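Residue-level listing of the chains:
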Amino acid sequence: MTENQHIVLASIPRSYAQVFFSNYSFLGWLLLGISFIDWVAGTCGLIAVIAANTIAWLLGYSSEMINQGMYGFNALLVGLGTGLGFQPGWELFSITIFAAVFTLFLTLALEGILYKYNLPYLSLPFMFGMWMVMLASRDFQSLGLSERGIYTANELFTLGGKPLVDLYYSISHIDWPPSIRTYLLSLGAIFFQTNLLAGMLIALGLLLFSRIAFTLSVLGFSIAWGFYQLTGASIHELTYTYIGFNYILTAIAIGGIFLVPSFKSYLWTAILLPIVVMLTLSLGKVFLSFGLSVYSLPFNIVVITFVYVLKLQLEPEKGPVEVTLQENSPERNLYHFINTKQRFSNPNYLPVSLPFFGEWTVLQGHSGEYTHKDEWKHAWDFVITDDEDQQYRGDGDWVTDYYCFGKAISAPGDGTVAELLEGVPDNKIGDVNTHQNWGNTIVIKHSDYLYSKLSHLKEGSIKVKKGEFVKQGQNIGEVGNSGRSPYPHLHMQFQVLPNIGAPTFSYPLGQYILNN
Amino acid sequence: MTENQHIVLASIPRSYAQVFFSNYSFLGWLLLGISFIDWVAGTCGLIAVIAANTIAWLLGYSSEMINQGMYGFNALLVGLGTGLGFQPGWELFSITIFAAVFTLFLTLALEGILYKYNLPYLSLPFMFGMWMVMLASRDFQSLGLSERGIYTANELFTLGGKPLVDLYYSISHIDWPPSIRTYLLSLGAIFFQTNLLAGMLIALGLLLFSRIAFTLSVLGFSIAWGFYQLTGASIHELTYTYIGFNYILTAIAIGGIFLVPSFKSYLWTAILLPIVVMLTLSLGKVFLSFGLSVYSLPFNIVVITFVYVLKLQLEPEKGPVEVTLQENSPERNLYHFINTKQRFSNPNYLPVSLPFFGEWTVLQGHSGEYTHKDEWKHAWDFVITDDEDQQYRGDGDWVTDYYCFGKAISAPGDGTVAELLEGVPDNKIGDVNTHQNWGNTIVIKHSDYLYSKLSHLKEGSIKVKKGEFVKQGQNIGEVGNSGRSPYPHLHMQFQVLPNIGAPTFSYPLGQYILNN
Amino acid sequence: MTENQHIVLASIPRSYAQVFFSNYSFLGWLLLGISFIDWVAGTCGLIAVIAANTIAWLLGYSSEMINQGMYGFNALLVGLGTGLGFQPGWELFSITIFAAVFTLFLTLALEGILYKYNLPYLSLPFMFGMWMVMLASRDFQSLGLSERGIYTANELFTLGGKPLVDLYYSISHIDWPPSIRTYLLSLGAIFFQTNLLAGMLIALGLLLFSRIAFTLSVLGFSIAWGFYQLTGASIHELTYTYIGFNYILTAIAIGGIFLVPSFKSYLWTAILLPIVVMLTLSLGKVFLSFGLSVYSLPFNIVVITFVYVLKLQLEPEKGPVEVTLQENSPERNLYHFINTKQRFSNPNYLPVSLPFFGEWTVLQGHSGEYTHKDEWKHAWDFVITDDEDQQYRGDGDWVTDYYCFGKAISAPGDGTVAELLEGVPDNKIGDVNTHQNWGNTIVIKHSDYLYSKLSHLKEGSIKVKKGEFVKQGQNIGEVGNSGRSPYPHLHMQFQVLPNIGAPTFSYPLGQYILNN
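Residue numbers (the working numbering), protein chains in the order written: chain E, 1 to 516; chain C, 1 to 516; chain Y, 1 to 516.
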């Protein structure tokens, strides 16, 4: 099996786990299993994930994003929703594939737009894809409506034998209080499985993945439930439409994923949930007139708006603490925050060193304020200069005249090689290769959402492979003059995405000594 | 009372006045009074203003924007609209607060997006907030519907005694021509007060605030009225829905706020109003199918699109003259334009001098075209150099080696200190403080929408306080090396917002002598 | 006739041709003729085109864009649609003009937003304008509904005499297979002419303009027809609403305009068409509830999203080949691609030389990576330096001290002068003219969508006129110091739009020799 097939395979469970903001494969496999309680839904979900991830990979989008399930989870949800209502057949499967491709394109386009604002696209692509399928499918007379509801027991029998069927019925016959019953059904509805067994299994998976996430899901649902009671809104709407998953997802997202779990993050969860309820009720009326569900639109609107508003704060220390390095779990986000707070005066950062040894000149540090602006503003350019402030010996007409050319580059921190670009020739002095902007480049992943990129390396000098683990200080290549580089220098930047060409991310270097 | 409490208090009347693009407190108090003709609406409006402004202040958004009422007026309108239809009670008041918070978040988010295009957000946030409340409240059975209409006389009696009641009835019994009657009711409807007394009081307030704005409101309404007659559109729709405030607001905005009042600005008002009528009729049908009003959506669409289109002109002198420094009143906008036109060859500018005395080197003037790009393109960096073009004596290893370090900075023009950042340590040479980008900084407000910012000042050198008035040339601090500054220099820029970190604004310096 | 009247006149046929992505005047005149089969529709279309192009020209928007019909085709479609349903009269004509102005403003605003993403606005402005007119006109009781359908023969007689009438009837009476009949009616519907004669004439025009476009139109329609059959969707919806033009336009746009015609471009056409069908069916239901047509919305969504997604590819060589220089015809796009591929190792480029002779210093080549960022990143600044790396003799206090000042500039390639700005004085050294950023400037059009701009030229030095043809190497002006230029230098950039101030476009210079 090649490396590439491995990427698409590994992306499958993560595409399931990402629905709960996680990249934890075990959770993904569990959710995949649950999705097969309705085997047609499960199959369509799987088809959609594989279609989206394969096409993303064929077209050459970031293998790291594919691997993390970031391009698959919206298509997955569309697949599950499509499969649920119809009889299986090649019409259904081909419609699922086209819907998955469309959802993938919406994912990529929304990623392109929203990352300019440093915002997540959440499940926006899913909703547009799903609405399209739901409306169009009313015309598709070749698609038979599903009659599987009555055969659930048979399917459970296939999946898990008699014990599973017995479990299903015993759970169904428990006399649950309405609030817990609705909570479990809403949880199941996230995967289009509105039965108590699915809800309980998902609650279990959530508890295993993160106790904070689980308690937030309960807290969020409870606040919403209380607000329905206070305002006299019909609790039946909540009980029968399962729309309550908006409250669960919002609580997890605000309380533990986008904010560091703390009293403030819980307070904001409590403030935002009544707003999510009001949006759910109001948007529900609009979409109902077209016979559509709002799905997770209220959750998306509130979370994206709130995260954006926090980024616009002039004095961020007055608001709640945002998660700067997404660890994909509330516990890990909290641990990382506390850990770095104890070790550094400036919390939220892990130490990264300079990518070389000895004395270099920080060309861009010197004019750092003026350049590397906007999306590319957090970058450094390094050269070596002599006593006369010259970067080269002789006339500087040849790359080999430059002191830094061919000097060893070391990994700025522990990590794995996420992206690699090789085979770009070194330019003659003054030439610029505008077609392959960054030249030979190594991107190292230090943590989820912290990557460092080293560019313009010497052709043939790269000593590491994609996926290889590197230690801080390990020699990984040499300074060169490839790409958009008129004379030899080393470009280094941090970024939150693995893409070569991704925007930079403000991240302080470990202390260095500077002579001028 | 602390300075901060003062900011929230001062923001209250201005949040009312901003509905008419004004920051004139007297107009605000008058409108606040009028809003209490329905005391529940008035109370909810006030609650919403206070909630939005307090939260904006607690989260650390620009105190200048809060002070001007810019973050309050959309929440105010949502509060007024929410209060109008329901019986008072703690359910109503808590719903009002949540709606106000949501509207504030929408305001901040839309500000973030639209200021990238240099466009105003007008009342867009109000509409989204109001639609949400209107739709959701149909489910809120704890909210009793208002029955106050029949007790208006009682409430007027409370507000102003028998004379006010008599006035109310005598105005109601006048046999107004339908056009004037509709004009006054539309004017009242801006504050959700659809009665003739409110309309007359608002007309009076408008007349006191600006005679141009008042005449524009009449002109705009008349053109729209005429277009209804021409096309045979039902005048009853205009008479009974009060939607005519769109025509009034558009006329004021185009005729005197965003354009300098002139023949051309009136001509464009006349061209755009039939378009606003057509949009009002068409959008009205779409929203009616959800049982909603379009509110001021047509006004928002036409004004924002038109202002944006003017900014895209290649030869701006061919179009109408845009207001560059918003003075928040057509008269003041016109006066400013005429005044500066007489005094300078290049109209629209008031003179600002360099922020120091003696001979400095304009580092960024020299490379001005290449750097300070995009949003930050209109900035200068100043240093002092010696005869050998060196910025420092000795080796330049210490900040004190640099000629400019510690040199006095003077206010570039009259104004008040709008924002202040202190306590950032001066960097060692070559170090860059990426966390506090601008370092110690003074922002001076010279006029509404003209601020100058001086950055990287020496720690502890700032000689002024926030809110203090400064004269041109007054010593306000010293050049330092704080923030994203690898070596001592002074950064200066103009901007239209008080925020530290706001985009720059193209504004010419008063003439200076330059040696090279 | 002045040059300017000429621009508006020349823009008329091209505004018609642009509906098929063409700037081929003959196709435009043909389509104009066809539009007069319903003479009121034809008249309103013509009024709208003239109104939009005249106002764009009066307000000083790019005369090149006007000339190409880029600002007229959306207004044209709105005019045709408005005229179709109503009786002629001055009410109809004035409504047409206001709708055309609104559509123009939408065109300009969408251009401003979408060009930041390098995306086309296609017919988005038309749809918003058309929906507004369709909804609002229900209220316009002065507008009589058209009863012209029954008089088509009379109108055809006026246009082309008895032969045309006979042709019309003989075509109508042919027993067409339903698919061909629907194809022809859908083709006619693009110009709001749902009759077989119009469809046949348009098919003929398309065939003359481009055989690839014609075959793509058939292919796209066939795939969609097949997908209807496969899914059991009602073919009647396609037969009676003429909505099939979405499939025709998508196939031409993807198969031959935005992608270079090839197996891959046809494959993507085939993949995307079922998605367009699903979008058409689903959006159709939403718009039907307002009594509106979706017009070309599905085509717009799919094409714009797909083109955007291709631009976000990390490894573009994995996807289909995008057209980099739009030649406005599939054949010319293909020819250009093959031709340049044979002649250069780097396909898609035609050779352009440096705009001067002798030895210059590439100031921005040297720091090319750091500056000219974002939209303006592909630019060069040239100066002349002496052996001591000085740009001037003496003190450099006067522009005439600079070696490059007054040096001859030559056209970097064959082309015509597209824009010209003259009369900006040369600055004193160190002064910067922030009001007229680019100073005296020449923009040369080398091909559709490839322009070069030379800026900061010496006042009075420009030797060419707007519209003049220039040969590569021809002397066109002299280096100066006008605009945002503190000292004499030449700014050169490539761009895809003629506007002075347009974003730059990455385009390699022909080889040059560089000394350092």
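Worth double-checking, as some hints may not be accurate.
[Said to hold, decoys possible] Cut-off 20 Å, straight-line C-alpha distance, at most; resulting in silico cross-link-like pairs (SDA-like, lysine to any residue): (1) E:Lys116 / Y:Tyr117; (2) E:Lys285 / Y:Tyr117; (3) E:Lys264 / E:Ile304.
These are computed hints drawn from the structure, not numbers from a lab. Bear in mind that the values here come from a model prediction, so they are computed numbers and not experimental data.
Hint-by-hint comparison with the structure:
Using a Cα cut-off of 20 Å, the hinted pair E:Lys116 and Y:Tyr117 holds, with the two alpha carbons roughly 11 Å apart. For the proposed pair E:Lys285 and Y:Tyr117, the alpha carbon gap of about 34 Å is over 20 Å, so the pair is violated. Between E:Lys264 and E:Ile304 the CA atoms are separated by roughly 18 Å; this keeps the pair inside 20 Å, and the hint holds.
In the structure shown, a violation is registered for the earlier hint numbered 2 alone.
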